[in-house]
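> Generate coordinates for the entire structure from the input sequences, incorporating the hints supplied.
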Amino acid sequence: EAGVAQSPRYKIIEKRQSVAFWCNPISGHATLYWYQQILGQGPKLLIQFQNNGVVDDSQLPKDRFSAERLKGVDSTLKIQPAKLEDSAVYLCASSRDYEQYFGPGTRLTVT
Amino acid sequence: GEDVEQSLFLSVREGDSSVINCTYTDSSSTYLYWYKQEPGAGLQLLTYIFSNMDMKQDQRLTVLLNKKDKHLSLRIADTQTGDSAIYFCAEIYSGNTPLVFGKGTRLSVIA
Numbered sequence: 001e002a003g004v005a006q007s008p009r010y011k012i013i014e015k016r017q018s019v020a021f022w023c024n025p026i027s028g029h030a031t032l033y034w035y036q037q038i039l040g041q042g043p044k045l046l047i048q049f050q051n052n053g054v055v056d057d058s059q060l061p062k063d064r065f066s067a068e069r070l071k072g073v074d075s076t077l078k079i080q081p082a083k084l085e086d087s088a089v090y091l092c093a094s095s096r097d098y099e100q101y102f103g104p105g106t107r108l109t110v111t
Numbered sequence: 001g002e003d004v005e006q007s008l009f010l011s012v013r014e015g016d017s018s019v020i021n022c023t024y025t026d027s028s029s030t031y032l033y034w035y036k037q038e039p040g041a042g043l044q045l046l047t048y049i050f051s052n053m054d055m056k057q058d059q060r061l062t063v064l065l066n067k068k069d070k071h072l073s074l075r076i077a078d079t080q081t082g083d084s085a086i087y088f089c090a091e092i093y094s095g096n097t098p099l100v101f102g103k104g105t106r107l108s109v110i111a
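In order, the protein sequences belong to chains A and B. With the working numbering applied, the first sequence covers 1 to 111. With the working numbering applied, the second sequence covers 1 to 111.
Fair warning: there could be bad hints in the mix.
Looking from chain A toward chain B, a few residues come up when the C-beta cut is under 8 Å (computed) [unchecked claim]:
no.	residue
1	Gly53
2	Asp97
3	Pro104
FYI, nobody ran anything at the bench for these hints, they're computed from the structure. From the three backbone atoms N, C-alpha and C, an ideal C-beta is built for every residue, glycine too.
Have a look at this one:
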């Protein structure tokens with residue numbers, strides 16, 4: 001069974017630019033999550049999808065972050081415009097019941 | 001609100017046992033998890049325990065749960081250099097809901 005796929009693995013942008021991340025979850029997993037992991041900390045939830053509907057986006061900075069999950073499979077997370085404090089690893093995860101599996105993450109550096 | 005606490009560093013000699021500790025505050029947690037993160041990688045699900053269990057063993061890994069004290073531990077027997085990584089404790093309240101993570105414990109294994 002293929003794991004959670006993410007791309008790109010690394011991205012360097014200047015502040016005020018935009019960036020997009022892509023995630024393909026494990027086949028059959030209806031629930032998809034985006035987490036932000038700042039250096040030295042544990043991951044924190046940004047947004048959760050169930051199929052193509054949003055379940056929880058209370059921690060998503062909606063003035064600059066957006067996410068979608070079309071057709072209930074792949075998902076994209078966008079930041080526009082980026083700030084220096086957005087430098088972090090963005091992790092995508094998918095779950096079925098109580099087992100949640102993570103992709104390799106995208107390391108974003110904002111200069 | 002929920003909070004998960006872990007000590008930040010642990011150093012052990014190769015072949016010794018490692019014990020990584022975690023405390024959590026929310027007694028309504030249903031599952032508790034241990035994830036491993038190697039440099040530049042995503043999070044690997046190591047093991048998890050349901051809240052009505054006291055112990056779970058899986059090869060070199062032993063998880064102990066003390067619900068009264070809200071304390072979770074991960075014991076790694078015969079620790080190897082490949083076990084060097086950051087270990088995250090996490091909790092969940094029901095299936096297909098976001099994980100709440102601690103800050104992680106960096107395990108260094110000395111040869």
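> Please go over all the hints and tell whether each is borne out by the structure.
Comparing the hints with the structure gives:
no., hint, result
1, Gly53, "13 Å, violated"
2, Asp97, "4 Å, holds"
3, Pro104, "4 Å, holds"
Consistency with the previously given hints fails for number 1 only.
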